[in-house]
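Below, each chain spelled out in residue letters.
Number of protein chains: 2
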Amino acid sequence: MQIDKIGILGLGYVGLPLAISFGKSIHCIGYDIDKIRINNLKKGIDKNQEFTKKIIKNSLKLKITGRLLDLNVCKYLIVTAPTPINLNKEPDLSFIKKAAIDISKIIKKDMVIILESTVYPGVTEDFFGKIITQKSGLIVNKDFFLGYSPERINPGDKVHTLERVTKVISGSNNTATKKIYNLYSKIIKKVHISKNIKTAEAAKVIENIQRDVNIALVNEYYQLFDKLKLNPHDVLKTASTKWNFLNFKPGLVGGHCIGVDPYYLTYLAKTKGYNPKLILAGREINDSMHIYIIKSLIKKINLSNKGFSKIKILILGATFKENCSDLRNSGSIKFFNELKKYNNNLHIYDPVADQRLLKKITKIGVVNNLKANYYNLIILLVPHKSFKKDKKKINKSLKLDGQYYDFNKSTKLDKIRFS
Amino acid sequence: MQIDKIGILGLGYVGLPLAISFGKSIHCIGYDIDKIRINNLKKGIDKNQEFTKKIIKNSLKLKITGRLLDLNVCKYLIVTAPTPINLNKEPDLSFIKKAAIDISKIIKKDMVIILESTVYPGVTEDFFGKIITQKSGLIVNKDFFLGYSPERINPGDKVHTLERVTKVISGSNNTATKKIYNLYSKIIKKVHISKNIKTAEAAKVIENIQRDVNIALVNEYYQLFDKLKLNPHDVLKTASTKWNFLNFKPGLVGGHCIGVDPYYLTYLAKTKGYNPKLILAGREINDSMHIYIIKSLIKKINLSNKGFSKIKILILGATFKENCSDLRNSGSIKFFNELKKYNNNLHIYDPVADQRLLKKITKIGVVNNLKANYYNLIILLVPHKSFKKDKKKINKSLKLDGQYYDFNKSTKLDKIRFS
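Read top to bottom, the protein sequences are chains B and E.
If you're matching positions, the first sequence starts at 10 in the numbering used here and goes up one per residue.
If you're matching positions, the second sequence starts at 10 in the numbering used here and goes up one per residue.
What the hints contain is simulated information worked out from the structure, not anything from laboratory work.
Predicted model only: the values in this text are computed from it and were never measured.
You may find that some hints are simply not true.
[Claimed, not checked] Label pairs and their computed distance ranges (CB to CB):
| no. | chain 1 | residue 1 | chain 2 | residue 2 | range |
| --- | --- | --- | --- | --- | --- |
| 1 | B | Glu-172 | E | Lys-400 | 36 to 44 angstroms |
| 2 | E | Ile-310 | B | Glu-172 | 42 to 50 angstroms |
| 3 | B | Asn-95 | E | Leu-366 | 50 to 58 angstroms |
[Unchecked claim] Chain E stretches covered by chain B per the calculated footprint, using a threshold of three residues with CB under 8 angstroms from any CB of chain B:
| no. | region |
| --- | --- |
| 4 | 287-299 |
| 5 | 383-392 |
Just so it is clear, CB atoms sit at the ideal spot from N, CA and C, and this is done for glycine as well.
Just chain B, with the same shape it has in the complex (with noise of 0.2 angstroms):
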């Protein structure tokens, strides 16, 4: 089947890759609302930098856009909308409105609308197909298609990219279903037919959970452990020598993944009455993780809290993972204002991360330059690869009678600089 004209909606981590990756080899035309976003991406630049300039040029037949109208023109639709929580954290689908509507304005007969966010069972049929038949009064299966196919884009990851990683893919009925198996196996090699788009969202949101669950567990281990005086990371480093291990380790759960699909699933449990305790267990291990450092250091560096407040403190990393420029949902950052609340001397250093973006969200604290013989006491949360080149800078900038502090390798506050 000849496949022509498709229209990609958003163009971040998941919609870029996507619009660049048909646009090697089909008419693709890419779509966001930021401007800033479509100025670089027409010049070629990424500010994720998941991509090249040499990458993006060279997919010749994808064109950048800013003006919604120039998508009708296209046969397929792929929607890449956010899907984040309110501060209730509930699901936020305000995004996935949106993009119904804008969709209710260019539809045309026969067009295959797919859905690639993280959403719970029910949203792609009852609440986006909805939205477009009330907006434009078309018919799903008699006037057009709607799918589902849910995006598996891991950032930073060079290894499973979108055309290595098995794509699963549902549609609304057995024409839709075919139509949405030819689109992605132009560009993927392997395509996975879910029964249904319900069958579809529901195993996209529980890849995500069951990551979260595991880090929550070791997570609680942590806290056990260092009641215990264990070191939770050799004990997690003697398990992991059995077959069938699964090594997990402590985390400040962020992004805009793991720590917030969850929510989706448990709203709509919770909707229809079920309460899922192991989930929400989890959860709340996870959003307080941060808090329980916090206390854990304070009473181990055994101070009064006026004392705590005087002195001078260092966090290393701020952004939502290792090796990755990401700021959304960071639990550094949420680690960092927590702690803000104990002490006046609280700096963050980030090299990795966008400086302008990280100086928005933390308001004062950003540092640039590390000075020699200053601080009382330095935590490293997030082990960037970079770090090993500033080693000798940020050993020399703890006091001689500093004290240093590894999430990723002890519970304990340690004389020990960084290594």
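Go by the hints and put chain E onto chain B.
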């Protein structure tokens, strides 16, 4: 270093492989309090069917005994006492205590005493070792040595055998650690030295907790997706097309490890003032999964209580896992006992299980033959391979309007027979 005279206390699933393996090249004395077990093993019979007569007989330097005093020539003692839980779901250390008292009767200067049982951090030194000292007057690291080396035996697994799996060891001091390292290195390729005994104890107990929590998570999915009218097996199959998705399956967690070990750590945690929410949430789900399934089945079959009590029901599979004869802590037996409260015509069929023991446990309801055209409902719980051979007989035993439920395939009652 020359190793000689090893005593193994307890010749069950853990002790027997050790005794057989050491006995191939080193004088080894295997001891058990179960006289029937001793008589059988002397004849080369392992009722657990893990070892053939030939293998047992070929362990030429192994001597089997029921006399404790025979162990007093040993330089090393390895203790494989069971560590179950009591009715309050708290650790039952009575077997460990008995072993310590027994050992104090035969202990000699410089003996190395190693515990292999799953325990919580502290049991080896602060409970087991302490009792030996109290009873014998001998002091650890002065008069004798202590060690902990957790068993990683996986019954029925022919790949991950004792000799092939990395063995974690730990000792009460450096001398003990060296001796224990040398001991196990005689039969095991990869020996991992743990930092100390408590770290090794903690590592062992979290290995099984990880499995328990992950199964609890998919059990939670099972319950939620059942409510959402999605087949959880379809969802899991779809998710498992992702490269890092962990392929756990819903299950009636039973056996003497996964369903028991978490309570060892949670008990210790609570005595130290820490409430392990996630581990306990996992236990709660797994411990009540059989009740969930029964209630959901009764709802689906849509009969009055009286009507349900009268239908003829058959359960397939009674052991704690498939293709294994072990009935201890079987989830299927728990299911059977619970379902009996609602139904008066309940049968159970399991050609793999020890029939005598099965009859003893269930009292009534065990069948060896399946009557044709007899059952209104057949429930497949434990999918033994051998059921495939019985396929025709099983399908014939279901009435024409009977219903079939396969826990491992669907949440639905089905007209489709066993296939």
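Exercise for the section: Report the numbers of all earlier hints that the structure fails to satisfy, in ascending order. Expected result: 5
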